[in-house]
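K.L.:
Residue strings, one per chain:
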Amino acid sequence: MKKISTLDDLKKAGDKGLKSLFPGSVKIVVGMATSGIASGAREVYEALSAEIKKRKLPYILTGTGSMGMDFIEPLVDVIEKDKPRLSYGKMTIDKVPQLIDQIVKGTIDKIKPIYRVDEEDIIAKKEKKQYLKGALPEYLREIPAMYDIPFYKKQVKIATRNCGIIDPENIEEYIARGGYLAAQKALTSLSPESIVEDVIKSGLRGRGGGGFLTGVKWQSCVAAKGDIKYVICNGDEGDPGAYMDRSVMEGDPHSVLEGMIIGAYAIGAQEGYIYVRNEYPLAVANLTKAISDARSRGLLGKNIFGSNFNFDLKIGKGAGAFVCGESTALMASLEGKAGEPRAKYVHTVEHGLWDRPTNLNNVETWANVPVIVARSGKWFSEIGVPHSTGTKVFSLVGKINNIGLVEVPMGIPLKDIIYDIGGGIPGGKKFKAVQTGGPSGGCIPAKMMDLSVDFDALWEAGSMMGSGGMIVMDEKTCMVDLARYFIEFLASESCGKCTPCREGVRRMNDILHDICAGHGQEGDVEMLESMAQGIVDGSLCALGGSAPNPVLSTIKYFREEYDAHIKQKHCPAGVCRALIRYEIAAKKCTGCGVCAKKCPSECISGEKKKAHKIDQKKCIKCGICMESCKFDAITVK
Amino acid sequence: MVNFIIDGKKISAEKGTMVLEAARANGIDIPTLCAHEAVSRSGACRLCVVEMKKGKRAKIVTSCLYPVEEGIIIETKNERVMNVRRLVLQLLMARCPESDVIRDLASQLGVDAQPRFAADEDKSKCILCRSCVRVCEEVVGVSAIGFSCRGADKAVSTPFNEDSAVCIGCGACAFICPTGHIEMETTEETRKIWGRTFKMKTCDVCGRYFAPEDQLKYISKKTGVPLKELAVCTNCR
Ligand SMILES: Cc1cc2nc3c(=O)[nH]c(=O)nc-3n(C[C@H](O)[C@H](O)[C@H](O)COP(=O)(O)O)c2cc1C
Ligand code: SF4
Ligand code: SF4
Ligand code: FES
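Chains A and B supply the protein sequences, listed in that same order.
Residues 1 to 637 (our numbering) make up the first sequence, in order.
Residues 638 to 874 (our numbering) make up the second sequence, in order.
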């Protein structure tokens with residue numbers, strides 16, 4: 001492949017990329033990230049390919065990453081000359097012939113697109129590029145524009161700027177959207193110091209959890225003594241339910257590479273590592289391809305962009321332990337040692353990987369860097385709120401209508417994420433709380449819906465930004481059970497090195513189990529609080545240091561639920577099996593007998609057309625009867 | 638020299654000194670379980686924590702690993718510190734109910750067992766202080782033992798719990814273990830440790846059994862001193 005060493009080379013490669021992004025003929029793009037594949041994107045892709053072949057159509061078919069709308073995947077985009085890009089959701093194999101019919105005939109009469117995109121915002125270049133030429137065709141007037149639908153309206157895409165748009169395996173499409181322009185500018189016309197300064201000015205804080213100022217971290221790594229320095233990308237992403245980093249690595253791997261090239265140049269590193277967990281095979285594959293393409297184009301290796309800067313990247317694979325996302329454990333793991341943290345009184349920016357100065361940043365942090373360098377730190381700092389600038393990607397999961405990945409400006413009110421973007425709670429249930437910051441984050445109750453989503457406000461509320469997981473809970477969630485669930489996870493993920501975390505978290509787990517099982521004792525809450533303080537203070541690393549958060553925050557906001565479990569032996573949400581009973585209201589029961597048939601423990605009896613009864617002694621509290629009753633006669637107490 | 642305060646006392650120490658040593662040199666006692674002088678420090682037990690104030694911020698640090706800094710104010714016995722120490726000891730008492738070392742240390746510090754923690758039955762006396770693993774690696778140089786599993790299941794063992802081919806039967810791990818968890822049985826002719834039985838060697842001079850043959854062979858190989866010269870016990874040397 002032709003090397004890219006000048007701005008002109010970059011332009012040429014970008015022009016090729018533009019041709020494939022905005023082709024003169026029909027192009028069909030399938031969202032093939034892990035989330036898409038899980039909902040059947042591969043089958044849809046194959047069906048499309050077969051249909052196109054069968055009809056001998058000159059259509060181009062490619063894959064892309066995820067747009068974040070998991071709730072309507074598989075997503076298929078259709079791009080036709082001079083027309084808006086149209087996105088079709090919930091595609092199935094059956095709908096494939098209809099879709100092709102529509103394209104051939106120029107209609108949308110059988111399946112309606114969810115939204116259209118008239119022009120593409122190329123944020124790294126501060127440019128817009130038109131799909132639509134001329135007036136919007138009459139038949140597309142009813143289709144909303146992408147940024148008019150509630151899911152996207154309040155989103156601003158910087159870190160995920162290319163996800164779901166480009167083919168992640170096509171370096172030229174990345175370049176076409178302004179990719180590697182920032183690296184070219186940095187390496188050929190900016191001094192390392194000025195880059196560090198601009199990143200400081202941008203206010204960018206680490207997206208991996210700690211929220212440390214990225215530029216300041218870079219500066220200490222610059223100041224550290226040593227000829228050999230490393231940069232590392234943390235793609236471990238161990239939080240259950242979180243997948244923002246996976247999405248970026250799968251959907252836009254070059255954005256991470258470019259960020260790392262710029263960072264390495266600014267810091268004076270010659271080598272870098274991307275640490276990804278083995279459970280992310282597609283991320284590993286796309287990163288591997290990206291590294292190999294970048295290398296063959298001369299964007300990695302010696303004398304990048306004709307400068308005297310040399311840099312190369314390797315991928316390190318993790319075995320999927322949550323603790324390996326912690327910086328010192330990650331470095332130990334990269335060195336081939338057990339993934340255990342060490343005390344950080346000796347900073348990794350001075351003594352990191354193989355005892356050399358090392359700068360570690362999260363995937364999303366790195367992905368932001370090229371845009372900051374391209375558009376300036378000042379531009380970035382004006383997005384978001386003063387001490388939390390830019391955007392943050394969240395994975396919105398749990399009891400929420402629009403499950404997916406969203407990128408929003410910092411400081412957005414929590415309620416905008418839950419109701420506008422997330423579309424509220426399914427089944428008409430009430431919103432109860434949201435867990436932010438992953439398993440060791442905290443719960444924010446519904447009454448704090450106006451909270452500004454930024455590093456400091458979340459911290460003050462007893463939670464944290466973490467890496468961006470958001471688990472939404474409805475009224476049917478028991479907060480004690482929830483705390484128990486997270487603590488159980490953390491107890492099993494403790495590396496076991498230090499006493500408070502290894503022993504303390506599991507003892508908290510025991511007490512929470514007791515409370516949920518009806519064996520809670522007077523004073524347990526105070527005991528949990530005092531243990532939490534000891535574990536937070538005494539643990540060696542931040543896993544133990546933050547593990548008690550889910551307990552502390554649920555005690556803070558839902559103390560009455562703990563009391564109900566302990567004192568009244570009652571679970572208000574009707575979740576903890578030992579504390580609930582299912583009952584049939586005689587007045588409502590029609591005696592249809594459906595519940596009796598469904599009950600796996602055969603403990604419901606009654607005559608036909610007469611009120612039925614549950615034998616409480618035999619009831620296993622599975623709740624199947626309640627789900628099966630059409631007359632809402634069964635309640636849980 | 639670096640100047641700072643521990644428990645209200647003005648102290649100065651050389652740069653690089655750990656808070657623990659600085660305190661001890663000045664008669665201030667800080668309890669420890671994993672900071673053995675023969676091996677490098679891991680910060681595993683967390684018993685030695687102290688509170689450090691720097692400017693407005695006060696945080697808990699590990700005194701055995703924290704190098705002294707100009708102007709810091711250390712408190713080694715305030716309530717926040719004691720809360721951590723109490724918890725650590727109660728957790729270790731529940732883990733190792735049979736360890737008299739832990740029980741005695743707890744009673745010295747006025748800490749009672751926590752009845753809310755059910756006593757473990759499967760951990761014996763190991764508190765996972767890491768001294769044995771470190772002495773085997775750093776001092777003996779054979780790395781015959783290490784850790785298996787993580788979290789509460791973490792345990793010291795030979796790899797895969799099989800007989801270790803590299804163990805020389807020196808017993809350094811058993812000697813360093815603060816709680817006596819590691820079982821070593823030495824009779825006249827044999828020594829049993831980590832599931833293996835080692836043959837002991839007699840002293841060429843007095844004829845008494847004094848060291849495992851494998852250990853002497855290992856020392857000879859490592860130092861180049863002929864095995865014959867090593868076959869004399871310390872008493873007769
Ligand atoms: C238990 C634990 C798990 C962590 N997991 C991750 C992770 O999966 N990804 C990540 O980027 N940071 C993780 N972190 C935070 C890292 O230690 C580190 O602060 C971060 O990667 C630094 O990058 P940033 O400054 O760009 O945020 C974890 C921290 C702890 C204590
Ligand atoms: S806090 Fe937990 S994870 Fe961190 S070192 Fe201690 S035992 Fe390991
Ligand atoms: S066996 Fe003894 S020395 Fe080894 S870790 Fe356990 S308590 Fe420490
Ligand atoms: S003595 Fe310092 S942590 Fe164990």
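Worth flagging that the hints you see were computed from the coordinates, not collected in a lab.
It is possible that part of the hints are untrue.
Just the calculated beta-carbon pair ranges, DEER-fashion [claimed, not checked]: (1) A:Lys289 / B:Ala756: 52 to 62 Å; (2) A:Thr288 / B:Asp759: 54 to 64 Å; (3) B:Asp759 / A:Lys556: 48 to 58 Å; (4) A:Ala338 / B:Ala756: 21 to 31 Å; (5) B:Ala756 / A:Gly523: 15 to 25 Å; (6) B:Ile642 / A:Ala338: 31 to 41 Å; (7) B:Glu706 / A:Gly428: 56 to 66 Å; (8) B:Ile642 / A:Tyr345: 29 to 39 Å; (9) A:Gly241 / B:Ile642: 39 to 49 Å; (10) B:Asp666 / A:Gly241: 54 to 64 Å; (11) B:Val803 / A:Ala338: 17 to 27 Å; (12) B:Pro704 / A:Arg581: 24 to 34 Å; (13) B:Met719 / A:Lys618: 14 to 24 Å; (14) B:Met719 / A:Lys556: 23 to 33 Å.
All C-beta atoms, glycine included, are put in the ideal place defined by N, C-alpha and C.
K.L.:
Quick one: which hint numbers does this structure break? Sort them smallest to largest.
P.N.:
Hints 2, 3, 8, 10, 12, 13 contradicted; others consistent.
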